[in-house]
Structures are given as structure tokens and as C-alpha cells.
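Residue numbers (full-length UniProt numbering), protein chains in the order written: chain A, 1 to 388; chain B, 1 to 388; chain C, 1 to 388; chain D, 1 to 388.
These are calculated hints, taken from the structure and not from any lab test. A hint or two may mislead.
[Stated by the list, open to error] With a straight-line cut-off of 25 angstroms between C-alpha atoms, the simulated BS3-like cross-links for lysine-lysine are:
#  : chain 1 : residue 1 : chain 2 : residue 2
1  : B       : Lys117    : A       : Lys325
2  : B       : Lys32     : B       : Lys103
3  : D       : Lys209    : D       : Lys166
4  : D       : Lys117    : A       : Lys32
5  : C       : Lys32     : A       : Lys325
6  : C       : Lys373    : C       : Lys80
7  : C       : Lys32     : B       : Lys117
8  : C       : Lys373    : B       : Lys103
9  : B       : Lys103    : C       : Lys32
10 : D       : Lys117    : D       : Lys166
11 : B       : Lys32     : D       : Lys325
12 : A       : Lys103    : B       : Lys325
13 : D       : Lys166    : C       : Lys325
14 : A       : Lys166    : A       : Lys209
15 : C       : Lys117    : B       : Lys32
16 : D       : Lys103    : A       : Lys373
17 : A       : Lys166    : B       : Lys325
18 : A       : Lys32     : C       : Lys325
19 : D       : Lys103    : D       : Lys32
20 : D       : Lys117    : C       : Lys325
21 : D       : Lys103    : D       : Lys166
22 : A       : Lys103    : D       : Lys32
23 : C       : Lys32     : C       : Lys103
There are 4 protein chains.
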Amino acid sequence: MSILSTENLAALEQQGIELPSWAFGNSGTRFKVFGTPGTPRDPWEKIADAAQVNAYTALAPTVALHIPWDLVDSFDDLRKHAEDHGVTLGTINSNTFQDDDYKFGALTHEDAAIRQKAIDHHLACIDVMDATGSRDLKIWLAEGSNYPGQADLRGRQDRLQESLQKIYDRLGDDQRLVLEYKFFEPAFYHTDVPDWGTSYAQVSALGDKAMVCLDTGHHAPGTNIEFIVMQLLRLGKLGSFDFNSRFYADDDLIVGAADPFQLFRILFEVIRGGGLNNPDVAFMLDQCHNVEDKIPGQIRSVLNVQEMTARALLVDRDALTAAQKSGDVLAANAVFMDAFYTDVRPALAEWRESRGLAGDPMAAYAASGYQQKIATDRVGGVQAGWGA
Amino acid sequence: MSILSTENLAALEQQGIELPSWAFGNSGTRFKVFGTPGTPRDPWEKIADAAQVNAYTALAPTVALHIPWDLVDSFDDLRKHAEDHGVTLGTINSNTFQDDDYKFGALTHEDAAIRQKAIDHHLACIDVMDATGSRDLKIWLAEGSNYPGQADLRGRQDRLQESLQKIYDRLGDDQRLVLEYKFFEPAFYHTDVPDWGTSYAQVSALGDKAMVCLDTGHHAPGTNIEFIVMQLLRLGKLGSFDFNSRFYADDDLIVGAADPFQLFRILFEVIRGGGLNNPDVAFMLDQCHNVEDKIPGQIRSVLNVQEMTARALLVDRDALTAAQKSGDVLAANAVFMDAFYTDVRPALAEWRESRGLAGDPMAAYAASGYQQKIATDRVGGVQAGWGA
Amino acid sequence: MSILSTENLAALEQQGIELPSWAFGNSGTRFKVFGTPGTPRDPWEKIADAAQVNAYTALAPTVALHIPWDLVDSFDDLRKHAEDHGVTLGTINSNTFQDDDYKFGALTHEDAAIRQKAIDHHLACIDVMDATGSRDLKIWLAEGSNYPGQADLRGRQDRLQESLQKIYDRLGDDQRLVLEYKFFEPAFYHTDVPDWGTSYAQVSALGDKAMVCLDTGHHAPGTNIEFIVMQLLRLGKLGSFDFNSRFYADDDLIVGAADPFQLFRILFEVIRGGGLNNPDVAFMLDQCHNVEDKIPGQIRSVLNVQEMTARALLVDRDALTAAQKSGDVLAANAVFMDAFYTDVRPALAEWRESRGLAGDPMAAYAASGYQQKIATDRVGGVQAGWGA
Amino acid sequence: MSILSTENLAALEQQGIELPSWAFGNSGTRFKVFGTPGTPRDPWEKIADAAQVNAYTALAPTVALHIPWDLVDSFDDLRKHAEDHGVTLGTINSNTFQDDDYKFGALTHEDAAIRQKAIDHHLACIDVMDATGSRDLKIWLAEGSNYPGQADLRGRQDRLQESLQKIYDRLGDDQRLVLEYKFFEPAFYHTDVPDWGTSYAQVSALGDKAMVCLDTGHHAPGTNIEFIVMQLLRLGKLGSFDFNSRFYADDDLIVGAADPFQLFRILFEVIRGGGLNNPDVAFMLDQCHNVEDKIPGQIRSVLNVQEMTARALLVDRDALTAAQKSGDVLAANAVFMDAFYTDVRPALAEWRESRGLAGDPMAAYAASGYQQKIATDRVGGVQAGWGA
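Kindly produce the complete structure, drawing on both the sequences and the hints.
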């Protein structure tokens, strides 16, 4: 008998984690981007690779796109391409940080013409959403300043509100805007949406279709992220996760790689707050595979989320509540840790096999020959990266 | 002619910074509290000492009290005592972190009886406010947990809201509740109000008389505090400052001592956002003089705030705006830095002398003999500290 | 058959973790120390409590003392008392941070008389070591300054070297001096031994009997502690560990409670570098049980070290090396994580039972009635804490 | 009469700060590199630009090169080119982070052939040094790993020592090796030389011609950098500074821009420890002008170092020592702060004018038309950046 109850298995059955198309392209640091053989040259190949992740895990049914990196002539064709590969197109991510006009801001820029250009880009993204059937427009605002005095913090915040309102007003009834916050980078003195409080204040002013996106790597050192998860769920404003992990800054490592216990705590608060398998709360990855292979890197990532969700589901909530109410610190902590330390991997392998999947997706993918095939086939052209 | 314009001098003239009564008592770390000769034994002596700060600077007309540390039989008498010394009683600070009942929480406690006890304490504080004529009830919530699983984060947040509502409902028309947030300490895993976003969400749910208190030492490493100042002013929810400074954690050092340029940036945003000499935004100190003398430590502190306010007032706002609008990073930064690097101390000394004060308050206090007098006079009794 | 090999079980069999006597007394924060029923009133009772930890785990055969907190009339008697309880006396910890003379330093003080007083205290500690048979004198230097300019950093460093040399020269042939470093606290601007580099430079200048003590909670945010473990082992200067865990500052939480994966990585480097069961590398706890029960808190702590050592021993070193050599990032990480995620608890329980111990030491201790007995018996007197 | 004494002016007269050639090329973040009109296309143009900084400040007589970014056919010609422009060639910086072979390390690589390639690169750099007359070979080791288990930390450290020894052995009698440490980036789990302690241990094992390079942006949050300056000077191992400033990570902002008071404290310890105008301690910049103009960015930087050196020279050392010895915390801090708050800019302008330079180098450069000229002239070709 599995250590995972029927109820827990049912919850895991529903779990879906969106993959970022850009995770399949090359990424790196300001010092160097290392390429890997077989890296996709275009969105079509990225989606084919993403579909591999889903094929081995049944955990990744959707793929997020980044505009303009994933611009194609026909999004209708791309949508069919995705469906042919067993996945669908998900969140649309905008980009207002790579055009020379945006050196000093986009939605916050002093110049109304540049703000309008940035707004128009987002409206074009909504056009893409209409074509792809995507629900969410995700805005990561890479805006800020590097030197004290360089920018008028207050004026930018007001302009941000105005710009967002214009984008928000264009959303369809079933579409949403999710606003990501980030502590720093690419700006090094101030960031226009640096923390969850700012994102919350901004989206609250917009309306019900605007939500906060929490990227697990975008916080100050020491921040209790699960507390923010709890709070945003409580306030009804947690729209989506960008999962990854970090030791220092926005390292964009594989989720769960740096601090597995933190991931456990986050997923526990998701469950505690009703955020698991809640359509309002999207699970997405946002990672960079700078030195490791990309497809197995994504497989590892979704498995990490699944395994840690399983552990969090194992917490004996009644026992936990009893210990908490009695002020028995060690007993409460023990209930919590017992779930974390339980090895759920055999039960998940068994369950995968019961669904016709390989028990070990990493091994199955490695044995499939797909990686060798793309390395051989994808010769010529330009490997996709953050510039294309 | 002064480098400070008439307009700027008028702004400085209005400036008032509230002193914390507890700064005059002993404080320390968990390892040791070092005493100093002359330390007050009771609230009456604390107020006498606080009045010295005002006498030499004309910057510190009010004194905040901490209940129960400053409980007296007659607050009416204490009020008169303060007035006799040229100051008035200010913010009332509650304390729900030193009673054994509060080991696992107060306003957030699992046990309704303990929550009620903590609520009742705050109602008693409002009674004190009625007696002292104080406007603000400041709540620093020293609640949280040390171990993952120990506490139900979500339940505590909901209970906090309920408890605060009961306190809020008791406020008089001209009274306010200011809710302080703190990153960590005394709890080491989670704090119930860890960030400005949480305080903002909580006070917004209460109503117009509830505001956020920003303690400059209560943030994660690297936090851009002036951004939060800007945001809270923009949202109309910056109720008060607790000024101090820090290198590492909540070090409670003299304001401006650790990073004077940060203090400058904060005060610039205060001015930019209309928070200077705005009755809605109270300036207070919250510091510990663990190793330095207390009265001159407070004099130094209010002078630091004044000097940095003067520098921030010197920023050529028109030139700054022009440089910002033109994207001239170095020019904008230069305008900003020019004000910071300008030595305002001679102009402030001159201005003090024009008002009949000593040009150098630190020297004047040292020469006054007050320190020697209290060291001689205050023999016997128990020096005030955080326990009394 | 156990998942732990005979070789690994033999390694675990040898493991010993020293307990700090002060963990059984009350501790807290600068805001409040909460007491618990049954807290020891003197060193005799502390040792009796420490012996309970060893009785249920066979992991904690020695107890560290703190002078003057654990001063007794006859250390010979205390030694026998310990032996009667099945434990021995271990490291002697000095204290030069609670005497009023040490407000501005001890071994680094400007005043030669105060430096001599501090040196003499350490010589007296060595006298205690002679009486107790302790090998190690541990020096945590709680010295530093709060304000820039307050102290002459360089002069203090030179004086520190001189003072340490005088202490070092008094050591017996089989005695050692271990010098602990700490990032900050109780000083808030500078600490005289803030990092491993400073401790290493100081002890290298002394000689072979001087080593570095690594407290896991004494680093800057984000520090890769296992790297330091590796480096100090490589340099032959890792003398001892003070184990605990932290989310923010020197939180002194139960080891493994905040980041179990970090503890795993540390223990892996200990094993990799030959530090496990190496007499040169002492394992000690240094924790504060501010809100949890003390004896079970210590039991939980030594079990955490044992469990994580077992996981670290499970790493398939050959497979790891092969993956590392081939540049297969995901495979190498998988080998590493597989060991971390393996649940060693059943195997350890089984092994304990094979040695005549209870499989679940926490439950066995709770069922023993000892906690209730001391709560009932230890009435009157003053509970031990950091002041006594 | 100047507030700067004759002695202080003489000290300032000697000051020289080396400029990095790469500061004149484009730089950015992993997200985007913004170009600027007039950016140099080759080392010849970089040196011409660097010479402008020296022409207006007389503070920047040498230019550091980066190999291979600054490879030219004839370093003899480049040397003459520099001299024609009034500057000389300085430190040679190696680069083992941009070749595909170095994805998993260079001097630390598992593969001896790749290590040898990296060693050979450094030997080739020493050949360049022989041609340019440069004294220092600066090694920034961009090596590390992203995931726990990926790399054998200990093995890498040992291989690093071996590789460095081979490079060291090739140094001429008057040449030095300076080893830079860095907390993180481009690697996100471990860095092979993450802290000063590691650099110190490595260079101490090499010999007298190996020294530590301290980059002010390469530390953990909260690190007391001036303490490290003091310690390395005390140990005789501070070989050079890479000056820049940061709010978060290795932001590479203009030195003094983020925390001017920190720069003051660093320079005070330089002076205190005999490091000013000491040929053993090289002052260099290492900055990125991502959003500001490059030549005036460098002018601003060397002026910041000069201004802060002047302030640090103003500290009344006798008064400071007296206050420190008497334990008068506030007096000692006041002496320190008085120097920091003194406005040295008019005195420095006057002094520049006395030497035939413009009082305001920023304004003089702006008025010179050089920036417009290079923007017009440098059309076509590829702007220099980190890739070329």
C-alpha cells in the first residue's frame, strides 16, 4: 500500500506545472553564455522539447511563451503544433527590457511616447493571448535605476499605475494580468516593483483580474517566502508562482536545488491556504539551465515540485494543529519534519508506473535517445537564447 | 548669508523628533546590559533627561512612553511634570512580549483568553492616551515562532486582524493606531508582521485611523528603505518613523551612524512625498545606547536627523528633475550628491545661535554639568531598563 | 538488511557530540528570557540533565562547561559527578563579556590591566581544565565596537595576538586553544574575530595547538559554510564545530532545524575531508532553547546530527566522482540528493534497538517521567541562565 | 588657506588610481547590454579615452589591460601609444571564463589538459607583461559550481594550488601575482576563491610575490570591508584594490556611489595601516558603466576616491586616539564623522587649479567636445565590450 493516500494521489494527479519556453534555449551570466548541442533554434523546437518533459512526467501540460523571443507568423499554427505534441500554450510573458528605448524605463519612462510604446507591446501580447487562448499576461518589470538621484521614484510609481491601467483595460473577461516583483537586477539601486507589497498595492488598484506573481528567487536574503505565500493567498491575490531556487541572488537554479526544505514549507502553505490545484494559482517554472542539460533539467524540476508537494501533503494536519494549540514546539516541529523526511520517491514511481509512465523519468528520458537525436539533427541556424 | 534659504530654515524650524523614554534607561544585548552612572530610576527622571535634549536642540518637544515600563500612579501628574520641563508626552507604546503568558503570542495567540488579555492591555494603553493627551498608540508585535511547524501562520494572521479590530474600535476620534513591522527578532523563524506589505494590508483593513510605522532597522539586508517611504507616503499610510541605524540586524544604533547617505535618501523621499512637517507622519527615535552615554547620544541623534534634513532640503529639485528627464544619469546623481556633500553644520550652528541656543549642543551639554550631577544625585534605587 | 552498511554503522557508532551545559539553563533574547519548570539551578543539575541526553542516544558522552557560569568549589567532585552519570567533562568555555570592565574589550582592551585580567581569567580556565581533564579551551571573543571610530581596529588585532600568545603559552602538552569567530553580536559595527580568515591568521601565528572553532550560525547571509569546512580541514586547522542553525542572525536554533540540506552538505565535507571521528575535530552543540523544552531539545539536536551524518555517509562516492569527472551536472547532483532524500530513520531506530536503546529516544524520554520529576523536585533556588 | 594641510596635499599629489580598459567598452547585465555612441572599437581607442580621465584629473596615470579583450599585434606599439597619450600600461588581467573549455573550471578543472590550457594562458599573460612592463598579473577566478555535488570542492582547491604554483614560478623578479576573491557569480553554489581567507591561504602558500586583491563589491551582505583591509595590511598581503560600489551583489557601480561612508572608512584604514601611496598596494577601479557615460563615469570615480581620501586624511588622529583610549564612544565617533562631513571639494578644486587643471574636471571634460567628437568619429566597426 502506498504511503500516499488515495486523496493525496488524487491531488497529485491534478497537478500541472507550466514550463517556460526560454528554459530550453541557452542562458548564462553577463560573463558568458555556454551553448549546448541540440538547443532549439525556434519556438517550434522549444515546444517539441517541452513536450518531452510532459511525456515523461505528465506534470507539464502547458508552455509559457515570451514575446518577442517566441514570435511566430501564425500563433494559430503554433497552438496546433503544441497540441500535436500533447501540450497547450500558456502564459504570455512580455519583454520591455531589451529595446534601446527602454534603457531608462518602459511603463515608467519619463517620456510618454516610450511609455505608449511599452503599453502597445503589452496590448500586442494580449493579441497573442487571444490567438493562443492564453489566460495570463505576465509582466516582469525590469525597470529601475542604478544611482540615487537618477530617477524620480515617486513619479515612476504613479506612471506605472497609469500604464498598467491601460493594459488592464484591454484584458478580456477571462484574461488576467499578473505582476511580478523582484528585489533587484537588472537595476542596482532601485527597482520599480521590488517587493510583494508594491505588486499587491499596484494590482489591488487595478481590479480583480490583476494578481501578484511570486518568483521564489526574487527576495532579499533571509526572507520568509512561505509567509508571503500565506499572506497573498489570504488576501486573494496570489496569481502565480515562478519556481526556481537560489543561494545568493536571482540565481534561477532548479527549483528545490538550493533549499529543499524551503520548497516544502512553501508548498505546505500553498496547501494550507487552499492554493493547490486552485485555478487561480498558477504553478510555473522560471529557471536557467546555464551548465546542465535543459530537458532533463526541466524534468528534474517538475519532479522536485511533485515530490515536495507529496511530502507537504503527508503532514498530519490534525496532529500538527493539536501540537500547535498545546504550545508543544518540539512536537509540532516533529510532525512537520516527519513529512519532510519521508521518502516519497518509491510511492511516486509506483504511481507513475500505474499510469503507464516510466517509474524513473530521468532514466527513461536519457534512454530514449532524444537528446542525441536533437544534437545530431539541429545543425546550423542560431541557437535560441535570451536575444531570440 | 546662510547656505540654507529662508524657506528651508522655516521648514527646519518646524521640525520635531519624538524621543523614546526607554533610550534614557539601560539597554544591551542578550549577553549583557552595561549600566551607566546617573541612569534614571523612574519615568520622572527619564522625562527630565529627555527635556535636556530639547533644551539644547529645540528639536525634541515630545517624549514617547512605554507601558508598563513607564506606568505611574498619575499620568496627569506626569503630564504636568513633562510640561514643567518644557516637553509633552507623546506616543504610547504597548508591550505584549514580557509577560509569561505571551511566550507563544499575544494578539495572535491560539488561546482566546490570552488574546483578550493582550487586547485589554492595549485598551489600557488607550486609557493612558486619554490621560496624557497622546495621539498615537504604537504597536510593535513581538510575536512569531522559532521553528517551522510551530505555529499556524495563517490562523495567526486572521486572529491578528480580529484583535487589532477590537483595539481600533476603541480609539477616539483624534487617536491613531500605528502598526510596526519587523523582519525578525525576538522570533527567529517567522514574525507575524514582518514587512511593510503585511502592516499595510492589516491597517488598510482597519480604517483611516490605522497607519504603518516604519522602523529603519527592521528590514532585510539590502532593502531600499527610501522606496518604502515613497510608497507608503504615496498610499497615504506612513504614520510614523522609528529612526535608528544598523549594520547587521536590528542594531538600534544612533540614527545616521551606520549609513548617513541612506538617511539622506530617506529624508529626500520624505520631502519629495510631502512627509516633512506633515502632522500625519511622526518622526521618532527608537535606539539603544548600549555603550555610549544616553543624553548626548540622543542629542547626537536629533542633530543627525536635522543635519540630514537640511542636506536633503538643499537638493536642487529643478536641476534634478531636468537631469532626470533628459536621462543624464551622472548629472542627476551629481545634483543629488552635491547636496549630500554640502556641509550644513556651520549654517545650523549659526541658526541655533540666532535662536538663543548654543551653536554646539554637544559641547554645551557636556559643559553644563548635568551629567555629573545626575551621576552624583541618582544613587540608590534600581536603574531603569527594559524590565522596568 | 539495513540501508546502512556495516562500515557506516561503525562510523556512526563512534560518533560523539559534546553538549553545552548552558543549553540546560534558561536563555532568551534581549527582550525576555522565558523560564521553564525543572530548569537546573546549578552545574550539578545541568550535568544530570545532559546525562539524560546521552542515556537515550549514546551520542553525547561529554559536557562542555562555561566559566564562571559553571564554577564549583571542587571540579574534582564535578568530574566524579559526571562520571557517575555516565558522561565526562569536556571543553572549557571562557567568558570575558559580562564583567563591567569588559565593556570596551577584554583581550583587546586599550588598558593593559584589563587585558591582564582577561588573560588571567583564561589561565584560571586552564587550571579548571587541569582539574577536569578537559583538552580544549574555547575562546569566543565577544569583543568589538558599535560605532565607526570608536575603536582602533588594527591596534586591537595586535593586542589580541599578544594576549592569545600569553594564554597559549600556558597550555599543557595535550591541551588546545580553539578560537571561535563570529560575524556580529554583541558588537554591531566591528567584531575582533569576525570571520574564519581572522581566526585562521591568529591561530596560525600561535602554533599547532591552536585551532579554529566554526560555529554554524556565525556567518554572513548566504555564506557557503561547507566550503569553509573543506578549507579548514585542508589547512589542518578545523578544531571544533559549534552546531546550531539560523534563519537570520545567530539564532542558535536546533541544529538542522532551519536548513537540513545545509547540515547534510557540511557533514558531507566533514567526511570528504577526513573530519569524521577525527579526534582533532570536535563536534559540539551551541544552542539556545528559548521556547522549547531543553532536554528533548538536546536529544532532537544530537539525533539530527546523527541522521544527517548517516545520510552523508550514504553518498555513493564512486558514482559521484564519476559524474563529477564527466561534467554531468545533473547526475552528480542526483547522486548527492539521493543520499539526502533517503530516509535513514528506520535503520537508525533498528540499530539503536540492537544496542539496547529505545528506537525512538524522544518518545522514550517523554515516557520516562524525568521531565515531570525535575519540574516537581526543583522548587526554589534560582534557575540557571546566562548570568549564573 | 586650504583646509588640507601641506602634508595632506603632498599625499594627495602622489595618489594614482589605475583605470580598467574595459570600463570604456560596453557592459551590461545578462538581460541586455546597452551601447553608447563613441564607444571604443579597440584597445587603442580605449587607451585614448582613459588618457582623457588622466588629463582632467592627474589621478589616473595607468591603464589595466584584459587579455584577450585587449590583444594587439604589438604591445610595444600599444605601450608607445599609451605613453604618447600621457599614460602607461598597468596590470594585466587574465580571462579563463569565456572559452567553452572552461564551462566547468579552468585552473581547477578535473581535466589536466584544460588546466594546462588555462595555465598557458596565464604564462602568455606574463609574456604580455614582459612586453608592456606591467608589474602585476591579476587573476580573477570565475570558477565554481551551480549545484551541490556538481564539483569536488576539496579536489578543486588542491588543483588550484598546483596551477597557481606553476604560474607563480614563471613570474619575473619584479612581477607579482594578485589573486582576487569573489563571493559568488558567475557560479551560484560555490566559488573556488570566495573570500579573503581563501585568497590569503592560497597566496601565502605561493610566496612573497603573491598577494590578495580586494574588490570592494565581492563580499557577503553586511561584511565589514575595512576590517579586511586592516587585516590584510597587517598580514602584509594586501596587493591591490578593485574599487567599485554595490547595493546588492557585484553591482560594479561607481566607487563611492552606494555608500560613501563605507569608502571613507576603507580609506581611513588604508591610511591607518600604511597603505596609502605604498607601492605594494595598488589602487584600481573595476566598474561597469551600464547606463551612464563612460569617460565622465571614470572621472567621477577617481574624483570620488580622491575626495574621500582627502576626508580620511582630515581625521584628527591624535584626538581620535585620545577619545578611543578614554572609552568616550561619542567623542571618538565625532572626530571620525567630523572629517567625513567636512566638504573638501572647494580645497581640492583650488589645488587642481594651482596645478594648471580645471577646478571642475567633470565640467571641463563636458565642455571639451571630446565626447561629441568620438560619437561622430567612431562610426562603423564593432563597439568593444566583454566579448572583444
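These are the hints, each one checked on the structure:
1. Lys117(B) <-> Lys325(A): Roughly 17 angstroms between the alpha carbons, so the hint for Lys117(B) and Lys325(A) holds.
2. Lys32(B) <-> Lys103(B): 22 angstroms, holds
3. Lys209(D) <-> Lys166(D): Given pair Lys209(D), Lys166(D) holds - Cα atoms ~13 angstroms apart, limit 25 angstroms.
4. Lys117(D) <-> Lys32(A): Holds. Lys117(D) to Lys32(A) sits at ~18 angstroms (cutoff 25 angstroms).
5. Lys32(C) <-> Lys325(A): 22 angstroms, holds
6. Lys373(C) <-> Lys80(C): 23 angstroms, holds
7. Lys32(C) <-> Lys117(B): Holds, at about 18 angstroms.
8. Lys373(C) <-> Lys103(B): 23 angstroms, holds
9. Lys103(B) <-> Lys32(C): The given pair, whose Cα atoms are some 9 angstroms apart, holds under the 25 angstroms limit.
10. Lys117(D) <-> Lys166(D): 12 angstroms, holds
11. Lys32(B) <-> Lys325(D): Since the Cα atoms of Lys32(B) and Lys325(D) sit roughly 22 angstroms apart, the hinted pair holds (cutoff 25 angstroms).
12. Lys103(A) <-> Lys325(B): Cα-Cα ~13 angstroms, so holds.
13. Lys166(D) <-> Lys325(C): 23 angstroms, holds
14. Lys166(A) <-> Lys209(A): 13 angstroms, holds
15. Lys117(C) <-> Lys32(B): 18 angstroms, holds
16. Lys103(D) <-> Lys373(A): Between Lys103(D) and Lys373(A) the Cα gap is close to 23 angstroms, so the pair holds against 25 angstroms.
17. Lys166(A) <-> Lys325(B): OK: Lys166(A) and Lys325(B) at ~23 angstroms, within 25 angstroms.
18. Lys32(A) <-> Lys325(C): With a Cα-Cα distance of about 22 angstroms, the restraint between Lys32(A) and Lys325(C) holds, given a limit of 25 angstroms.
19. Lys103(D) <-> Lys32(D): With Cα atoms ~22 angstroms apart, Lys103(D) and Lys32(D) stay inside 25 angstroms; holds.
20. Lys117(D) <-> Lys325(C): 17 angstroms, holds
21. Lys103(D) <-> Lys166(D): Holds, at about 22 angstroms.
22. Lys103(A) <-> Lys32(D): The given pair, whose Cα atoms are some 9 angstroms apart, holds under the 25 angstroms limit.
23. Lys32(C) <-> Lys103(C): 22 angstroms, holds
Hint check: no violations occur; every hint is consistent with the structure.
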